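Every letter in the sequence shown is one number past the one before it in the numbering used here, and letter 332, counting from 1, is 363.
Some hints could be false.
Restraint-style ranges between C-beta atoms, simulated for each label pair [what the hints assert, rightly or not]: (1) N115 / G167: 31 to 39 Å; (2) T298 / T362: 44 to 52 Å; (3) G292 / R351: 44 to 52 Å; (4) S173 / A373: 23 to 31 Å; (5) N115 / P157: 35 to 43 Å; (6) S116 / P347: 24 to 32 Å; (7) P222 / G289: 32 to 40 Å; (8) L288 / S181: 42 to 50 Å; (9) G255 / E144: 37 to 45 Å; (10) G167 / A373: 19 to 27 Å; (11) Q310 / D199: 32 to 40 Å; (12) N311 / Q172: 29 to 37 Å; (13) G289 / T345: 30 to 38 Å.
Don't read these hints as lab results, they were simulated from the structure. Just so you know, these numbers come straight off a predicted model, no measurement behind them. C-beta: ideal position from N, C-alpha, C; glycine also.
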Amino acid sequence: MVVRERWAMALVLVVSAVGCDCGGGVDELDDGGRASPRDGGVLSDDGGQGWSSADGGASTARDGGLPDETCRRLDLIFAVDDSNSMSQEQGAMRDTVFPAFARKLQERLPQLEDFRAAVIDACPLPGTFHTRGESGDCHFQSGKRWIESSSTNLVEEFSCAGSIDAQDSTCAGQDDDEQPASSAAASMEPPAYGPGGPNEGFLRADALLVVVAITDEDERPVPGATAQQVYQRILKAKASDVRRVVFLGIGGAGYCLGEYGLTAEATMLKELTGLFAAQNRGVFWDLCSGHLEDGLDQTLTLIKTACDDLPSPTCPAGSRACPNGAGDCETTEYCASGCCVAGIN
């Protein structure tokens, strides 16, 4: 249970730090992976109605007359290995991590307009977000396959989703259910995401996408794929712009029997995370070293940097944004990656 409790508290840290003055003096990771101070955007003195750059210049407004604020929205995907060896982690997520995570979001993110969070296991088939836990239906108030920050039952919904239920998984259980990053990518692709897809409308053009992938083995894509290919799949969900994504990979840097039990070396997950880290958008944390909360401290710093640098949303010519999902589009359109696209809704 110790492993799952630490994992739960770590998730709390990830989002709670995002609310700590996203526009203030933002930290970034130096070449050694440690945090170092940097000059960044700061909140203006006009009553919170806009942002100013570090040199005092006013920021431009987003389309629609909204101030060019960053960190207004977060879209979070937690992809969790559901193998038997992860049972302790899942227990902590259900009982401690997700409930505390929900409370911290409400307490520590006053600047955030809203957030949404989805949970999926490490099998990409069928790639749909979970609406059930081990005890049954989670009854998300959103009416969708994800949790919305507007819910009056955030703690209960997070607790339910934290008890991973993978009954709809069609994986054979022969390591094909050990691919959390690929599962996250599949959740943002057809058939799970697209016209009539169960996850359609989750992604928003103006939101920072945060993907957390955790396994005590390694990323094992089926069919076979390289780390670069998985990386490109995830980026494609955000117009192939790495500035719009933060990736946290949690796995073993080597084989060990440590604080969290037996952990295999996550060679591919490390390589995948390294591709994001090369663009200052990824953090890998070694399960063998324990102290998940320390790894998530680094991720929090990275999220703050990403929030500061998040570009304004753009949609293809002739399209428009759908921040609230398919309801913002015409009946002959559907919402994909935050933009209205022609097709059957």
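Output the indices of the hints that this structure fails to meet, ascending. When the structure is compared with the hints, numbers 1, 5, 6, 10, 13 turn out to be violated.
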